[in-house]
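K.L.:
Okay, here's what each chain looks like letter by letter:
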Amino acid sequence: MRLPPLRGRIREGGHPPPGARSTVRVGLPLKGGGNWSWTMSTRIDARFAALKKEGRAALVTFTMAGDPDYDAALAILNALPKAGADVVELGMPFTDPMADGPAIQAAGLRALKAGQDMKRTLSLVREFRHGDAATPIVLMGYYNPIYVYGNERFLTDARAAGVDGLIVVDLPPEEDVELCLPALNAGLNFIRLATPTTDDKRLPAVLGNTSGFVYYVSITGITGAAAPDAGKVTDAVARIKRHTRLPVCVGFGVRTAEQARAIALGADGVVVGSALVDTVRKSLDPAGKATTATAPAVAELVRTLAQGVRGPLKSS
Amino acid sequence: MTVQQIPNSFRTGPDEHGHFGIYGGRFVAETLMPLILQLEKAYGEAKADPAFQKEMDGYLAHYVGRPSPLYFAERLSAYCGGAKIYLKREELNHTGAHKVNNVLGQILLARRMGKQRIIAETGAGMHGVATATLCARFGLECIVYMGSVDVERQKANVFRMKTLGARVVPVESGAKTLKDAMNEALRDWVTNVDSTFYCIGTVAGPHPYPMMVRDFQSIIGHETREQMQTAEGRLPNSLIACIGGGSNAMGLFHPFLDDNEIEIYGVEAAGHGIATGQHAASIAGGRPGVLHGNRTYLLMNEDGQINEAHSISAGLDYPGIGPEHAWLNDVGRIKFLSATDDEALNAFALLSKLEGIIPALEPAHAIARVLNLAPQKPRDHLMVVNLSGRGDKDLETVARHLDEKMKS
Ligand SMILES: Cc1ncc(COP(=O)(O)O)c(C=O)c1O
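Protein chains in written order, with my numbering: chain A, 1 to 316; chain B, 1001 to 1408.
SDA-like mimics (lysine to any residue), calculated; alpha carbons at most 20 Å apart, straight line:
no. : chain 1 : residue 1 : chain 2 : residue 2
1   : B       : Lys1115   : A       : Pro196
2   : A       : Lys52     : A       : Arg245
3   : B       : Lys1047   : B       : Ser1218
4   : A       : Lys113    : A       : Asp69
5   : A       : Lys113    : B       : Glu1308
6   : A       : Lys119    : B       : Glu1302
7   : B       : Lys1176   : A       : Pro102
8   : B       : Lys1377   : B       : Tyr1071
9   : A       : Lys119    : B       : Gln1305
10  : B       : Lys1054   : B       : Arg1111
11  : B       : Lys1047   : B       : Glu1223
12  : A       : Lys201    : B       : Ala1042
13  : A       : Lys113    : B       : Asn1307
These aren't lab readings, by the way, just hints derived from the structure by calculation. Computed from a predicted model, the values in this text were never measured in an experiment.
Pulled out of the complex, with its shape left as it was, chain A reads as follows:
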């Protein structure tokens, strides 16, 4: 009978040791002996602290790395902060994005078709950082491309490239030992999604190892689907805030400046994704290639959304 080293491949990411609890709280002993919540402050923490002083919510943009190609994606990325994006989420393309709607699915496939892979995604971040040292960058996507790249290597390279945080859709707190805890150790924020199905009993587990901000998914559904009801969202954000002092950003289904404004009144940030990647798609030529209109069209929408978010000053 063959006796392979069963745990060989997983070493780098870490597999739950027997008896490991997956809902480890802040205060967990980390490398260097500290408690990360006060040993580490990232660009994300700094940005939200600054916005709090300004008394306004953040505009968080999502675009796909490599969509529609590397150079056009870099041009889009570089244009985002000037147009009013406060935090930049960059999608890591994946063939099987099970929580995404048609718009983001298509964006990922465009990027893959143009040759995007994890190395090139990290290199996009690196190039962006040459011109921007302050805007936080969060990589968002699914676990498999990270796992195959190698968790340890990924964390090292991402950090070196200038990544500040990660959102990995298919890593719930039950799997924190995989990547969340190593990411915190590596000095990256691990931003978790909270959803309408996350009840008060479960929230502490979801928030336990979350840092940077909390991403509240405003609907049960996939990205780009129904618009959220602003009133319900405000209540949900208030509920989450009873459990955490982290900023709470709200996303899924926000497309217009008016929607962004309504959400911004009750949250620390508004995430817009599908509307931006739809704008990318509409700017392409019949062969699906980027045009001179691509980056400006995205920037224009971001400017409008930013006005929406900044519009009414929040009473402090």
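The hints should help you fit chain B with the ligand onto chain A, whose structure is shown.
P.N.:
Quick look at chain B with the ligand alone, frame taken from chain A:
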């Protein structure tokens, strides 16, 4: 370096987190996580409730038609000239495949949980048909996601599902086959969390599905043990089954995993040949990765992007395999083989002519390897093949294929 010990038992998995060794787990979006925990709890309670088992037993006997026969394939055995070959006749179940064993369990569980809307993914359409059947029986709404390529190549099953009152949704994303149908079912579930029960068709997906589907399918192996005792006064020497996600195989194998002297073979789909890259053999041609809620062997590229699988058989056309199989491969308890499209077609024709049983193309892959294995075994070697489904659904595919062969 630590050497992995052979466990005392191969039948104790998964652990409380749903892991089989490094495989399995619960890699799903947060929206689904509470539902999966709720399902795990509900299944645990049902399993411990004698009334649930009694209800299952009743429908298994009178609606599904169990036990399925263990049939001595005399002419196939004579043709091979070695092992005594027995067929476990899962194709005689109501709806024509093993899939119904699992669907019955999940639908009774859905009823216990008060769920009125059932969704499923399907490849060959057999799981979809079984789900549509039991939803009709219990008056539940049924939505089946099916890749548009599969809708085309399994037309008869699409019509069966519609006749049974199900809505069949053709999936146009990706390769338009089973993997994409599963993505779309997961997207539905994320959207309709309160009303909906996701009835997964194989031993894959997030915990507790691989365990739960295995438990429901294990009736195949339990019956086989008893039937072989009755027929031959002893246990079989070898077991063999085809592998899509691995549910018919796990159902046969699991009750025998700790009978260490029994050889166990899983047969993956080699499509046009493993070397061509156009196949669906995730153990032979894949590596560990994470998809559809579990860690397992997957067909993928260097960047972790999932490759499209290829098999003539829609039910095997999936780039992954259940996590328990992945583990049993690594610890060496199951030996994984493969069979090409052409070998399966040949076995399909041969079994039809020799035994008067037209197999589905999926178990035809297992029969193809029996044709090599059985001749090498002595006459007193007892070999059991899981005949997981009947071939009616595949007649058009086979006819088209033979036509093309004749033309070329
Ligand atoms: C008859 C038959 N056998 C086998 C399979 C493959 O699935 P599994 O490996 O889960 O048994 C299918 C799937 O559709 C099937 O219809």
